[in-house]
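Going down the list, the protein sequences come from chains A and B.
When we follow numbering that gives the first Met the number 0, the leftmost residue of the first sequence carries the number 0, and every step to the right adds one.
When we follow numbering that gives the first Met the number 0, the leftmost residue of the second sequence carries the number 0, and every step to the right adds one.
These aren't lab readings, by the way, just hints derived from the structure by calculation.
We treat Cβ as the ideally placed atom computed from N, Cα and C, and that holds for glycine.
Keep in mind that a hint or two might mislead.
Claimed, not checked - Stretch by stretch, here's where chain B covers chain A in the computed footprint (C-beta under 8 Å, at least three residues):
1) 74-82
2) 144-156
To be verified - For each label pair, taking beta carbons as the anchor points, the in silico distance ranges come out as:
3) B:E61 / A:G264: 28 to 38 Å
4) A:P262 / B:Q14: 51 to 61 Å
5) A:Q435 / B:Q14: 49 to 59 Å
6) B:N78 / A:P262: 32 to 42 Å
7) B:S179 / A:S62: 38 to 48 Å
What the hints assert, rightly or not - Within a straight-line C-alpha distance of at most 30 Å, the following computed DSS-like cross-link-like pairs (lysine-lysine) qualify:
8) A:K139 / B:K203
9) B:K112 / A:K172
10) B:K108 / A:K66
11) B:K203 / A:K172
12) A:K172 / A:K139
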Amino acid sequence: MLLAAFGYIPAIDQYALSLDGFTQLLAWPGLSQSVVLTLFVSVASTLLSALCCFAILQSCWHSRWWKQIETLLAPIMALPHVAFAVGFAFLFTPSGFIARLLGEQINWQLVHDQYGLGLIAALTLKEIPFLLFMSIPLLKQLNINTTLITAQSLGYNNAQAWQKIILPQWLPKIRFSLFAVMAYSISVVDVALIIGPTQPPTLSVLVWQWLNDADLATLPKASAGALLLLLLCLLVLLGIRLTEWIMTVKCRTWQSSGRFSLPIGGKSIITITYLITLTTLPMLLLWSVAQRWRFPDITPSTWSLRFWQQEWYYLLDIITNSIMIALVSATIALFFAIVIHEHSIKASLNKGKFKVPRLLISIPMLAPQLSLLFGMQVATLYIAHQHYYLWVTWAHTFFVFPYVFLALDGPWRSYDQRLDKVGASLGMSPFKVWWQIKRPLLLPAIWIAWAVGISVSLAQYLPTLMLGAGRISTLTTEAVALSSGQDRRISAIYALLQSITPFVFYIIAIVASRKTGSLEQQRANSASLTSTNRVTTHNVSISK
Amino acid sequence: MSLSVNNLSILDSAQQPLFAPITFTVSPGEILTLMGPSGCGKSSLLSAVAGHKSADFSYQGECYYQQRLLNALPAEKRNIGILFQDDLLFPHLNIWENLAIALPNHIKKAQRKIQALKTLTELNLVELADKSPMQISGGQRARISMMRLLLAEPAVVLLDEPFSKLDKSLRSEFRNWVFSQTRSRQLPVLMVTHDVDDVPVGSKCLHWPWNKETLDA
């Protein structure tokens, strides 16, 4: 964490020293348009996904469909953003699958459209399941059922009770997740490259293009842009907080103003979300084995595995590469996360000790990746920039860490501290207590956290390219690079593999976690599938 | 203005009745108590009358308010207020807002706060108006909860062991206050409890297994 903070300083440094980077940035003709677009995309997608999420909760919570909705959340969230974006593009381009179904070219442009509507739609669809998932534990805490009964006995119907009584309680609790969604949508590069607007693109893509410019003179402009992005991010996060404050503190008369509600239909939203997300995978699979697929045929006319065979040799290399980086960075992050959790337990018992603040840990999740990476990149230049693998792994570890940390948070909290005391009273050394009592009990959570870390690392796009200086390719970087190419079939292969690899590690982790832990839990696991299902859902969510 | 229950029985998840079908009528201003041990289905019976669905039980029989069949009405349309042993004040609202939320829709905007504060003044609790539910005592919470129920202008009041969580010293005072409120409003009251002390003097009471009626003196 210290290194990160250190790595971040040179970026500001550079900005402060050269004001002409800033003037260049302001002089760039499309800037204001791009900034407006960026704000529009991030605010619209965050608001829409929050709204849709609430509508779904209101109409489906504990209904007949809720169980199915909850079970499907896990696989839907495990789908990486990049693979989803590629599949989304296959569906919605003017000659995409939807157009094939209709039998004619569609006129409206949703992929690379000028206003970023396609990007908004894709981000919203991808974030709804995440917000839904994060809401489940919150709603359990809120005792929705007794609240609903009380509200009904006061004459409130279901919709009125949700909007008047549950919404103001849900909003402050979902805040952090909304922050994460907002920060992601304002700084996203990979998805924006695949389906976002191009002239001008969103600010993050713009900065990314300047950074890649062969002309070094654009570097000051890029760094000023990265700083602007950071400021915008802070601005919109404050905006969310302000909106929440206005709704729950400043203007709260609406909450007690009587039995009124807005009609919002959650059932259709959840159906559309799941339908589109679940169609992307078959879409990718279909394209990857198609040889001839003329418009407007519904299915390919010739099938072939030729592209798989053709790419296989090269693919193997990339897969190994991706997995190696993921394994190393996830393991290091896991180690640090455990150390810090143990440290904060000790610190909470001992007042004199330094506590690691939560906010510092969540910085990699909330600040724009581009701005952070820019600082890291400059830092590597000072030291030894030629060790690409080292830096890429380091950057991955940095971004993987908060997710692993959060995945371990719940289990570490629920561990019964008295077991440690019992161990010590039996004459075991602190390390022996940890190794022989705490570690075996928490091993299932450790396995899952490890898989979360791997899946986060596998999905990283910017860290790989920026610190690897383009010399290191992973499935994600290739999937993004090829998505703009001509051949949909090859693009489909990479996107498909990108979404399958994390699944493989999740399955390994689930199997491993079922064989470990307390005997009680092992028995419960072998008895019922649902509990493991729940464990996975929990962790997949964090891997967004 | 009376509540009638006709041949009502609660069925568990295996469709087995928990007790023999029960029939009774509660007139305005009257209090009917159902006594029974825990698990006998008395809370489920109140839920059935109030219209709250549950996955764990179903019911047979009919509920009427006057001559109107309630069975098909959703809970919020039945105009039945229910008081539980927990006060269930909304934790994100302060005390006056908890009262204002229950006021009928025709009272608008600023009037809602004025009404809520007026109610608090009548209860001699006006200094609690801006406090949160967690900041006030259990006895005060119970009063606010009952008052919130009454502000929604229910036609019938159901009491689900409403006094069991209160201190012994508070219990009889709060009990008398609740019954004086419902009697002065001429509301039919149906109460379930397992504590004989809860039954008001001179009111009707059905003892488990509810087949014989006794007048409590």
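Exercise for review: Sort out whether K172 (chain A) lies within 30 Å of K203 (chain B), counting only the CA atoms.
Suggested key: violated, 47 Å
**Study point:** Three-residue Cβ test at 8 Å for the coverage of the stretch 74-82 of chain A by chain B
**Key:** violated (count 0)
Practice item. Could you check the hint for me, namely that P262 (chain A) and Q14 (chain B) are 51 to 61 Å apart, CB to CB? Key: Check failed, 37 Å falls outside 51 to 61 Å.
Exercise for review: Indicate whether the distance between the beta carbons of N78 (chain B) and P262 (chain A) respects the range 32 to 42 Å.
Suggested key: Roughly 23 Å apart at Cβ, these two residues miss the hinted range, so it is violated.
Practice item. Compare the distance between the alpha carbons of K108 (chain B) and K66 (chain A) with 30 Å, and conclude whether the hinted pair is satisfied. Key: violated, 40 Å
Check your understanding: Hey, K139 (chain A) versus K203 (chain B), does the alpha-carbon distance stay inside 30 Å?
Key -> With Cα atoms ~40 Å apart, K139 (chain A) and K203 (chain B) exceed 30 Å; violated.
**Study point:** Proposed proximity, K172 (chain A) with K112 (chain B) (alpha carbon, max 30 Å)
**Key:** holds, 27 Å
Check your understanding: Is the hinted pair K172 (chain A) and K139 (chain A) satisfied, with a Cα-Cα distance of at most 30 Å?
Key -> holds, 12 Å
Practice item. Mind checking the hinted window 49 to 59 Å against the Cβ distance between Q435 (chain A) and Q14 (chain B)? Key: holds, 51 Å
Check your understanding: Do S179 (chain B) and S62 (chain A) keep their Cβ atoms within the hinted range of 38 to 48 Å?
Key -> Hint holds: Cβ distance 41 Å, inside 38 to 48 Å.
Point to revise | Coverage of the stretch 144-156 of chain A by chain B, judged on three or more residues with CB within 8 Å | key: holds (count 11)
Check your understanding: Taking the CB of E61 (chain B) and the CB of G264 (chain A), does the distance hold inside 28 to 38 Å?
Key -> holds, 33 Å
Hint violations for this structure: numbers 1, 4, 6, 8, 10, 11, all remaining hints satisfied.
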